[in-house]
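Engineer: Each chain, written out:
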Amino acid sequence: MQVEMIPGVKSRPVYTPVTVNPRSQRQIFIAQDQIPAALQSLYDGCEQGEKSLLTVVTTGAAAAGGALSIDDLAQRVASLPQSSSFYLAGSEAFMWDIAKLLTDAGFISDQIAMLAPLSKERRLFCTHCYTLMDHVTHSPHVCSGCGRALLVRDHFSKIHRAYVGVQINAEDPADLPAAAEELS
Amino acid sequence: MSEGLIEVRVASVADVAPKIREFRFTPVAEALPPFSPGAHVVVEMPGAGKTYRNAYSLMSDPFNPENYGIAVRLQDESRGGSVFMHTQVKEGDVLRITPPANLFAPHWAAKKHILLAGGVGITPFMSYLPEMQRRGADYELHYLFRSEQTGAYRDELKKALGERFFSYDSDAGEKCDVRALLAQGAPGTHIYICGPESLIHAVKAEAEAMGVPAGFIHYEEFAAPKPGKPFTVKVASSGQEVAVSADDSMLEALEAAGVEVTNMCRGGVCGQCVTRVLEGTPEHRDDFLSAAEKSRNDCVMPCVSRAVTDSLTLDL
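Chains as they are written, first to last, in the numbering used here: chain F, 1 to 184; chain W, 1 to 316.
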């Protein structure tokens with residue numbers, strides 16, 4: 001996977017420019033809901049191997065115009081050869097969900113490339129009640145499960161495909177910062 | 001290195017192939033620790049004038065190690081270790097070994113495991129198989145050997161593994177089609193190789209040509225340090241100068257001179273013995289440092305690497 005880790009916060013993924021692996025027999029490009037220009041141009045420039053450009057629907061709308069559901073995608077990847085490469089585009093949470101689907105199917109992280117996430121939104125994992133929350137943009141964030149104000153850490157958990165949230169100022173939870181900070 | 005060693009008694013010695021001898025070790029004091037499939041120990045061999053230390057894979061059932069089994073192939077270009085084991089070690093002897101360490105564990109997330117053994121490279125898989133059977137894992141063992149020299153345990157393996165066992169006796173003209181083996185790989189099939197460098201290279205090259213990512217290929221090669229031209233190692237902290245003869249490794253020469261260097265696999269794989277180079281140019285022979293690290297020439301793996309220059313000053 002072309003994801004490196006930042007020194008200091010070792011667990012936060014860094015998304016480096018993606019190039020096509022010319023040795024792969026199958027080249028699979030996967031976008032969330034709509035195909036962003038960066039993925040389209042990567043697909044257009046791919047000249048080696050048999051290529052496919054797939055869209056996966058995550059908005060709850062019915063899959064239309066050849067778009068796939070997550071289950072469709074799982075079925076589709078099951079028949080791919082070992083010599084396949086995957087190029088993912090969408091939100092960070094979407095790309096890691098797809099990476100999980102692929103590794104569950106037996107592929108390894110070396111075969112999975114992620115483009116830069118399309119937004120700064122994070123998926124947050126509450127370490128107190130284990131609730132997962134999507135679309136988190138500010139810290140602290142009030143947990144939708146237990147109501148605690150969570151400090152959104154830069155620590156990314158690959159298992160949960162989410163950033164870790166811990167109760168802010170645990171000694172005195174009533175003592176909150178004056179303003180929430182926008183996440184980068 | 002002497003701290004933490006385990007004393008073991010040689011309980012049995014048996015020839016299991018024309019050039020392979022099996023040794024079973026039982027504990028002298030406490031029970032032997034359990035280990036994980038693919039683990040090895042380093043056996044200390046007090047030869048006349050020189051102490052040999054070689055790494056050998058453990059062949060016992062990892063979770064029930066009543067004894068530790070190793071198999072030693074008499075090397076054609078032995079540096080003394082395998083000759084010592086074959087000619088000097090007798091039933092009842094007491095030897096010292098390191099606790100088990102593992103650089104070749106199975107990738108349990110794999111959906112299928114293809115084990116590729118070359119000659120005495122069957123040994124790590126002898127500890128894989130009981131655990132693979134316990135877990136109901138999907139696996140195949142492909143065993144390449146020369147029946148005039150190696151091929152230990154093939155009859156019992158054939159009996160125990162049935163259709164999962166494939167053997168190729170090159171002395172009988174039988175060849176393994178590596179390409180066909182790789183081509184059947186569905187996603188989730190991982191390949192494990194233990195054998196000579198040529199076998200490992202052949203599989204890696206074939207995988208690369210087929211576009212199979214390197215992460216599916218796992219291998220272990222305990223290449224003994226190869227000889228080279230003599231040179232001198234300077235120990236920066238003490239100013240001590242240690243001569244490394246053509247046949248000794250830098251690590252062995254340092255140990256013989258009483259200089260302790262942390263180490264584990266002694267085969268250029270694990271990275272434990274990495275040492276900073278202050279002066280001189282190393283001749284890198286390891287499989288641990290990246291190409292970029294090697295080109296900087298500011299560190300060296302004394303277990304297998306040597307020197308281009310007449311002397312090498314180490315930050316020891």
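Possibly wrong hints are sitting among the right ones.
[As the list claims (entries may be wrong)] Here are the computed lysine to any residue pairs in the SDA-like style, where the Cα-Cα straight-line distance is at most 25 Å:
#, chain 1, residue 1, chain 2, residue 2
1, W, Lys111, F, Asp71
2, F, Lys100, W, Glu66
3, W, Lys112, F, Lys10
4, W, Lys111, W, Thr189
5, F, Lys10, W, Ser290
6, W, Lys112, F, Asp72
7, F, Lys158, W, Lys112
8, W, Lys112, F, Thr58
9, W, Lys112, F, Gln25
10, W, Lys111, F, Arg23
11, W, Lys204, F, Gln75
12, W, Lys111, F, Gln25
13, F, Lys10, W, Ala214
14, F, Lys100, F, Ser119
15, W, Lys204, F, Gln25
16, F, Lys10, F, Cys146
17, W, Lys111, F, Ala105
18, F, Lys51, F, Gln25
19, W, Lys159, W, Glu66
20, F, Lys100, W, Gly188
21, F, Lys100, W, Pro213
22, F, Lys158, F, Glu50
Since the hints were derived computationally from the structure, they do not count as laboratory data. Note that the structure is predicted; figures quoted are calculated from it, not measured.
Engineer: Which numbered conditions among the earlier hints are violated in the structure presented, ordered from lowest to highest?
Structural biologist: Hints 2, 3, 8, 11, 16, 22 are the ones this structure does not satisfy, whereas the remaining hints hold.
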